[in-house]
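Q: If you count the sequence shown from 1, position 39 lands on 39 in full-length UniProt numbering, and the numbers rise without skipping.
Don't take each hint at face value.
List time: in silico EDC-like cross-link candidates among lysine to aspartate or glutamate, alpha-carbon distance up to 16 angstroms [unchecked claim]:
hint : residue 1 : residue 2
1    : Lys181    : Glu193
2    : Lys196    : Glu164
3    : Lys174    : Glu164
4    : Lys200    : Glu187
Distance windows between CB atoms, simulated [claimed, not checked]:
hint : residue 1 : residue 2 : range
5    : Asp60     : Lys158    : 53 to 61 angstroms
6    : Ile142    : Glu79     : 18 to 26 angstroms
7    : Arg118    : Gly3      : 21 to 29 angstroms
8    : Thr129    : Pro199    : 39 to 47 angstroms
9    : Thr129    : Glu193    : 27 to 35 angstroms
10   : Ser184    : Gln47     : 48 to 56 angstroms
11   : Asp170    : Phe214    : 24 to 32 angstroms
12   : Lys158    : Phe43     : 52 to 60 angstroms
13   : Ala85     : Asp60     : 25 to 33 angstroms
14   : Tyr70     : Asp148    : 46 to 54 angstroms
Derived by calculation from the structure, the hints in this document are not laboratory data. Glycine residues also receive a C-beta, built at the ideal position from the N, C-alpha and C atoms.
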Amino acid sequence: MEGNTLVFGLGFTSEYIVRSITERGRDNIDEVVLIGVFNIDDFRRKQADNALNDVKKFLDIINVKYKWKYVDVNKDFAEILYEVANELSGKNNLEFYLIGGMRIINFVLYYYATLAKRFGLNVRVFNYTEDMSKKYELPVEIPRRLTDSEAEILKLFKFENSIEISIMADRLQKTLSTISKQVSEMEEEGFLECTKTRPKTCRKTILGRIALTFI
Numbered sequence: 001m002e003g004n005t006l007v008f009g010l011g012f013t014s015e016y017i018v019r020s021i022t023e024r025g026r027d028n029i030d031e032v033v034l035i036g037v038f039n040i041d042d043f044r045r046k047q048a049d050n051a052l053n054d055v056k057k058f059l060d061i062i063n064v065k066y067k068w069k070y071v072d073v074n075k076d077f078a079e080i081l082y083e084v085a086n087e088l089s090g091k092n093n094l095e096f097y098l099i100g101g102m103r104i105i106n107f108v109l110y111y112y113a114t115l116a117k118r119f120g121l122n123v124r125v126f127n128y129t130e131d132m133s134k135k136y137e138l139p140v141e142i143p144r145r146l147t148d149s150e151a152e153i154l155k156l157f158k159f160e161n162s163i164e165i166s167i168m169a170d171r172l173q174k175t176l177s178t179i180s181k182q183v184s185e186m187e188e189e190g191f192l193e194c195t196k197t198r199p200k201t202c203r204k205t206i207l208g209r210i211a212l213t214f215i
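Work out the full structure, taking the sequences as your base and the hints as a guide.
A: Dropping the structure here:
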């Protein structure tokens, strides 16, 4: 079974990579991929080379395969993305750690992660606070746009946290079966959370609250 490929932007220090892998643990790591840049001055190049060497030593100690790739950040975003895609081609289980390297590289890695998820790969993306005291798992799926009918349902929650679906049907003057079907689809997409028991009651999720700001 294929293990996970861990992907990092390569910056000028090694600590964030070493700490991330140490906290995660060695289990089920197939390979570590480091993405750096060509376009830096001699001083920063020396820092980046030292960081790379430190990471390589650490990965050798824990017996993890690795490779690195330098990209040209003078290219367009899409061209940088294509280089990263070629480097990661054939990898089906990916973990991205967006905590080092140039900002543009982290944007490229995050966008690539969303594309990879759309194409059916197993993808997770992580980020940290600057001092690495808190770790976040970032979303990699963008929900579809609500239909007009679904938007009308969500609008009912503008000033209420939870509503029974029978009340939704009454307010929108639709059949209970129609509302039930639409609500189920909205729940599947993550806009609503509903009880399994009767009377079935739904509440807006964080994603639902965000969607309300657009409609």
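Q: Would you mind marking each hint as holding or not holding in the structure?
A: To see whether the hints hold, each was checked on the structure:
| no. | hint | in the structure |
| --- | --- | --- |
| 1 | Lys181 / Glu193 | holds, 14 angstroms |
| 2 | Lys196 / Glu164 | holds, 12 angstroms |
| 3 | Lys174 / Glu164 | holds, 14 angstroms |
| 4 | Lys200 / Glu187 | holds, 12 angstroms |
| 5 | Asp60 / Lys158: 53 to 61 angstroms | holds, 57 angstroms |
| 6 | Ile142 / Glu79: 18 to 26 angstroms | holds, 23 angstroms |
| 7 | Arg118 / Gly3: 21 to 29 angstroms | holds, 22 angstroms |
| 8 | Thr129 / Pro199: 39 to 47 angstroms | holds, 42 angstroms |
| 9 | Thr129 / Glu193: 27 to 35 angstroms | holds, 28 angstroms |
| 10 | Ser184 / Gln47: 48 to 56 angstroms | holds, 54 angstroms |
| 11 | Asp170 / Phe214: 24 to 32 angstroms | holds, 26 angstroms |
| 12 | Lys158 / Phe43: 52 to 60 angstroms | holds, 54 angstroms |
| 13 | Ala85 / Asp60: 25 to 33 angstroms | holds, 27 angstroms |
| 14 | Tyr70 / Asp148: 46 to 54 angstroms | holds, 48 angstroms |
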